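Novice: So you can see what is in the structure, the chains are spelled out below.
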Amino acid sequence: MPTIGVKRDLLFEALGKKYTDDEFQDLCFAFGLELDEVTTEKQMLTKEQGDVAAAADASEEIIYRIDIPANRYDLLCLEGLVTGLRVFQGKVKPPKFDFVEPAQRQVLKIAPSTAQIRPFAVAAVLRNVTFTQDSYNSFIDLQDKLHQNICRKRTLVAIGTHDLDTIQGPFSYEALAPDQIKFVPLNQTRELNGIELMDFYATHAQLKQYLPIIRDSPVYPVIYDANRVVLSLPPIINGDHSKISLKTKNVFIECTATDLTKAKVVLDTIVCLFSEHCAQKFTVEPCDVVQTDGTSISYPELAVREERVSVKRANAYIGINEPANKLADMLTRMYLEAEVDAKDGDTLKVKIPPTRHDVIHACDIYEDIAIAFGYNNIKKSLPAFMQIAKQFPLNKLTEQLREQVAQAGFTEALTFTLCSRDDIGLKLNKDIEAMPAVHIGNPKTLEFQVVRTTLLPGLLKTLVANRKMPLPLKLFEISDVVLAAANSEVGARNERRLCAVNCNKSAGFEVVHGLLDRVMQLLSVPWKTGNANQGYYLQAAEDPTYFPGRCAHVMFNNAVIGKIGVLHPSVLQAFELTTPCSAVEFTIEPFV
Amino acid sequence: MHPDLTERILQHLDAVDKVDTLELATQFNVDHQKVVGALKSIQAHGDLVNAETATQKTLGLTDEGQSVVENGSHEAIVYGLVPAEGIPQAALMAAGGANAKVGFSKAMSQGWILLDKSVNPPLIRRKVDHIVDNVKEQLLLVVSGRAQLSARDVTDYKKRKLLQETTTKSFVLSKGPEFSTTLTKLETDLTMDMLTSGLWQQLKFKAYNFDALGATPTRGHLHPLLKVRTEFRQIFLEMGFSEMPTNNYVESSFWNFDALFQPQQHPARDAHDTFFINHPAQSHKFPQEYLQRVKAVHSKGGYGSLGYGYDWKLSEAQKNLLRTHTTAVSARMLFKLANQEGGFKPAKYFSIDKVFRNETLDATHLAEFHQVEGVIADVGLTLGDLIGTLYEFFRKLGITQLEFKPAYNPYTEPSMEIFCYHPGLAKWIEVGNSGVFRPEMLLPMGLPENVNVIAWGLSLERPTMIKYGINNIRDLVGPKVDLKMVEEGPICRLDHV
Numbered sequence: 000m001p002t003i004g005v006k007r008d009l010l011f012e013a014l015g016k017k018y019t020d021d022e023f024q025d026l027c028f029a030f031g032l033e034l035d036e037v038t039t040e041k042q043m044l045t046k047e048q049g050d051v052a053a054a055a056d057a058s059e060e061i062i063y064r065i066d067i068p069a070n071r072y073d074l075l076c077l078e079g080l081v082t083g084l085r086v087f088q089g090k091v092k093p094p095k096f097d098f099v100e101p102a103q104r105q106v107l108k109i110a111p112s113t114a115q116i117r118p119f120a121v122a123a124v125l126r127n128v129t130f131t132q133d134s135y136n137s138f139i140d141l142q143d144k145l146h147q148n149i150c151r152k153r154t155l156v157a158i159g160t161h162d163l164d165t166i167q168g169p170f171s172y173e174a175l176a177p178d179q180i181k182f183v184p185l186n187q188t189r190e191l192n193g194i195e196l197m198d199f200y201a202t203h204a205q206l207k208q209y210l211p212i213i214r215d216s217p218v219y220p221v222i223y224d225a226n227r228v229v230l231s232l233p234p235i236i237n238g239d240h241s242k243i244s245l246k247t248k249n250v251f252i253e254c255t256a257t258d259l260t261k262a263k264v265v266l267d268t269i270v271c272l273f274s275e276h277c278a279q280k281f282t283v284e285p286c287d288v289v290q291t292d293g294t295s296i297s298y299p300e301l302a303v304r305e306e307r308v309s310v311k312r313a314n315a316y317i318g319i320n321e322p323a324n325k326l327a328d329m330l331t332r333m334y335l336e337a338e339v340d341a342k343d344g345d346t347l348k349v350k351i352p353p354t355r356h357d358v359i360h361a362c363d364i365y366e367d368i369a370i371a372f373g374y375n376n377i378k379k380s381l382p383a384f385m386q387i388a389k390q391f392p393l394n395k396l397t398e399q400l401r402e403q404v405a406q407a408g409f410t411e412a413l414t415f416t417l418c419s420r421d422d423i424g425l426k427l428n429k430d431i432e433a434m435p436a437v438h439i440g441n442p443k444t445l446e447f448q449v450v451r452t453t454l455l456p457g458l459l460k461t462l463v464a465n466r467k468m469p470l471p472l473k474l475f476e477i478s479d480v481v482l483a484a485a486n487s488e489v490g491a492r493n494e495r496r497l498c499a500v501n502c503n504k505s506a507g508f509e510v511v512h513g514l515l516d517r518v519m520q521l522l523s524v525p526w527k528t529g530n531a532n533q534g535y536y537l538q539a540a541e542d543p544t545y546f547p548g549r550c551a552h553v554m555f556n557n558a559v560i561g562k563i564g565v566l567h568p569s570v571l572q573a574f575e576l577t578t579p580c581s582a583v584e585f586t587i588e589p590f591v
Numbered sequence: 000m001h002p003d004l005t006e007r008i009l010q011h012l013d014a015v016d017k018v019d020t021l022e023l024a025t026q027f028n029v030d031h032q033k034v035v036g037a038l039k040s041i042q043a044h045g046d047l048v049n050a051e052t053a054t055q056k057t058l059g060l061t062d063e064g065q066s067v068v069e070n071g072s073h074e075a076i077v078y079g080l081v082p083a084e085g086i087p088q089a090a091l092m093a094a095g096g097a098n099a100k101v102g103f104s105k106a107m108s109q110g111w112i113l114l115d116k117s118v119n120p121p122l123i124r125r126k127v128d129h130i131v132d133n134v135k136e137q138l139l140l141v142v143s144g145r146a147q148l149s150a151r152d153v154t155d156y157k158k159r160k161l162l163q164e165t166t167t168k169s170f171v172l173s174k175g176p177e178f179s180t181t182l183t184k185l186e187t188d189l190t191m192d193m194l195t196s197g198l199w200q201q202l203k204f205k206a207y208n209f210d211a212l213g214a215t216p217t218r219g220h221l222h223p224l225l226k227v228r229t230e231f232r233q234i235f236l237e238m239g240f241s242e243m244p245t246n247n248y249v250e251s252s253f254w255n256f257d258a259l260f261q262p263q264q265h266p267a268r269d270a271h272d273t274f275f276i277n278h279p280a281q282s283h284k285f286p287q288e289y290l291q292r293v294k295a296v297h298s299k300g301g302y303g304s305l306g307y308g309y310d311w312k313l314s315e316a317q318k319n320l321l322r323t324h325t326t327a328v329s330a331r332m333l334f335k336l337a338n339q340e341g342g343f344k345p346a347k348y349f350s351i352d353k354v355f356r357n358e359t360l361d362a363t364h365l366a367e368f369h370q371v372e373g374v375i376a377d378v379g380l381t382l383g384d385l386i387g388t389l390y391e392f393f394r395k396l397g398i399t400q401l402e403f404k405p406a407y408n409p410y411t412e413p414s415m416e417i418f419c420y421h422p423g424l425a426k427w428i429e430v431g432n433s434g435v436f437r438p439e440m441l442l443p444m445g446l447p448e449n450v451n452v453i454a455w456g457l458s459l460e461r462p463t464m465i466k467y468g469i470n471n472i473r474d475l476v477g478p479k480v481d482l483k484m485v486e487e488g489p490i491c492r493l494d495h496v
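Quick note, the sequences are listed as chains P and G, same order.
Residue 0 is where the first sequence starts when you use numbering that gives the first Met the number 0, and the numbers rise one by one after that.
Residue 0 is where the second sequence starts when you use numbering that gives the first Met the number 0, and the numbers rise one by one after that.
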């Protein structure tokens, strides 16, 4: 969930009202926002960077940090937030956005070479903008928030904004070999080519994360003006030449993308939120973007879509019973202008503005009605049908056995499902490669390399962490291990196991054996004797985890279901245990 | 222990009512410690005697004091060494030995001797003809126990290290409630032998100390978090919810994300948030027609939706991962519900099982935790039904005040964060998420258009930590858990506030 920081006094001025922190928090809560923190620039610097020296000069103006839902891009800056809240409070109507046709449109031509790396581009112009320091900062911050969220860290979309008066259309979006691109990057003085640029920014705190998006590509995307001035090298950096400043009047906005839908949303969002600062408020100058096939598309789209929703369905979905005109009012407060269809009293005509790209289905409209109505005002009801509940049999058996094993004097542990390769391999004297283990591709630490194939390591770690406890320590766990299994749907399956260890001054094989006997007794499984077909028994086995001659397979109806034995001293040593242990581990699934 | 000593003490007490153990030691001519030992033995048999501690300070001679008693005080010795004709000081000191110096100055201050400087070398002469050695006399009295020394004298002799004060602890004995002149051995416990022989009727039993703790029962223990899991299961079962089979930690991206209408570029699908599996890396078995419908709704929309308008890739859906939520299982169950024989029937499902997130770990976040999930599917369910159900569910957890906040979730619309008022913490805290599953998730599964599905989820760990006041999740889950905490934990009664 993105968080934006806005100056409180600016916010209240724009909202036309001063709130207490609590009042503002309540307003946020009702609208689906969260006032995350009340702070100052000074506090943020001190807290986040511990930079007391820098903080000393920082402002002490109160800043509200507000959590914005991930789909509401239109609220990611002060301008959008204020409009959204004022509309929600019914103080203003949602703004309408208009195109102003210039004498000659700006043109951006997409070269076929861009298909190799970043095939889409859209553009727009904002005319006669007046920037203040605050609105300029907000403009930069908005681009950053969009980059971090909907643009997926610039992989899907990258935004470039330029002082149109410093450049000359038509513009050309191309993809060229890195060494052929030469320009002075934003806020630099030296000209770099594409290769030098990658080196130059390799250690840059913010920009280095974007380099891999294009670094290894044979061609880099680049936008030129008519005089071959570089506007930007998306998604890394703009050129210094066309940078915007407080004096900038006319802004050229380009978005390059690998996802066209997102590029259109981003462009719409920027122009909608910042056309507020144009001399002619809420107006935008369209641009022609010439596609590789020669056709030309006009951007931004700023499409207003009309959805028709049934009043009856909307009420039924939420569980309220409000008249059509009330629902229309509620939607209008949610930035979705609505009116009752003159011909059909059950139908609302809802206008989805270009700021509300998150509305893609009637259910999104229902939600906005519910929010405007107030979630906490909705009448509570209960589903009418009844159902005879069923437990999942494996879980039911697990619950019953847990209780019984604890009654037999064992204490339950709850250990981690993920562990290191060594935990199930080397430390147990086993070869990890020979195991049907599920391996994690992107572990952040050694603790999360594999999914456990045995419950034993977790119990041994619990023993070590509790060495101060008096002996004997008898632990158990009934939980799942995961085994790779080619024939299963996802190539792996869980197996529910019971594992118990006895840790004492002597290994005490008979203790875990006794537990096995008890569990089998509870499961009505007899000790197999002679030629009987049914029952459980122990069959001597060799396993490097266990002491030679002190290990057996647990057999049930002549199939191996687990192991029992005295742990090998090298295993104890690997887990830093100094007391002997015996263990039993077997699957309980045959007994469900 | 001298067997007779205990009885001698008791008999003596019978006659005198009150006696000090020191006095008994003198009288019986035995060491005081032995008397005390006998007393303990008597006390072990019951309340035969009352014993009050008493301390006595007695004066005794030091070794130096002893020599004074035998040989006279240092000053008297010095006086004795001075002949009538006098003696040079050096010779006197040599004759007087180690204590001559002390003796000389004391004899001088007593006025017994004088220093005659009229001759050369000066001589020590007697000043008086006769002396009385008071120090020796007084010390003799101390030895005989008849001393009546003034406090000043005592201080003075202590300073001169002639006397020392010793503190003796003793007991003043009197008859107790169970006084008897003979000792009967008290029995500690009723035994089988006593029952068989009938002897229990004659035996005396030792009084119990009801203030002591009982013996610890030998027992095993259930883990506190899993006790809470049991309680949650119970609540769902009481509410008529059937349990979902969640024993599949490895899941395909398809069921974990795509089936839930979570777009392939969604941040949750980042390697930063999700554990992807490189062995077995991919899943291949999907219900093909359903998969095509999912692909269509993501990329082109349908069912009244615009979709996300992007190029949906099978390869993304095939990627195996550790499930990030049990909602992946809910999706499987809903798909089954839509396609079961006889068609859709209303259903209530729940699950409580582990989920995995490749997140940054801190005091309250682990890479794996338990998710509690409830799902209801029926024709015409409303948001009001969800709110009503949540109130009933949380009431069973002892929570009665709820508030719902609008939220965003890719697969529910409307979405609500659940907040509850915690009287202990005196504030509103977020306890879970809920919502109505999107039609883009349900309709491709084949569920009828008028069926709505409401669902909610919360973690098992968070309410448990709040309930038991645990601040670090590692104190609750994993191998570092203190088994003492496990052993001492109460039973789980969530509605018992």
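Keep in mind that a hint or two might mislead.
[To be verified] In silico PhoX-like pairs for lysine-lysine, Cα to Cα no more than 20 Å straight-line: (1) 473/P / 226/G; (2) 203/G / 184/G; (3) 344/G / 389/P; (4) 184/G / 160/G; (5) 443/P / 473/P; (6) 184/G / 426/P; (7) 479/G / 467/P; (8) 17/G / 226/G; (9) 483/G / 467/P; (10) 473/P / 344/G.
Source of the hints: derived by calculation from the structure; they are not laboratory data.
Model, not experiment: these values are computed from the prediction.
Novice: Decide, hint by hint, whether the structure agrees.
Specialist: Here's how the hints hold up against the structure:
no. : hint          : in the structure
1   : 473/P / 226/G : holds, 19 Å
2   : 203/G / 184/G : holds, 7 Å
3   : 344/G / 389/P : holds, 15 Å
4   : 184/G / 160/G : violated, 49 Å
5   : 443/P / 473/P : violated, 33 Å
6   : 184/G / 426/P : violated, 59 Å
7   : 479/G / 467/P : holds, 12 Å
8   : 17/G / 226/G  : violated, 61 Å
9   : 483/G / 467/P : holds, 10 Å
10  : 473/P / 344/G : violated, 47 Å
The earlier numbered hints that this structure contradicts are 4, 5, 6, 8, 10.
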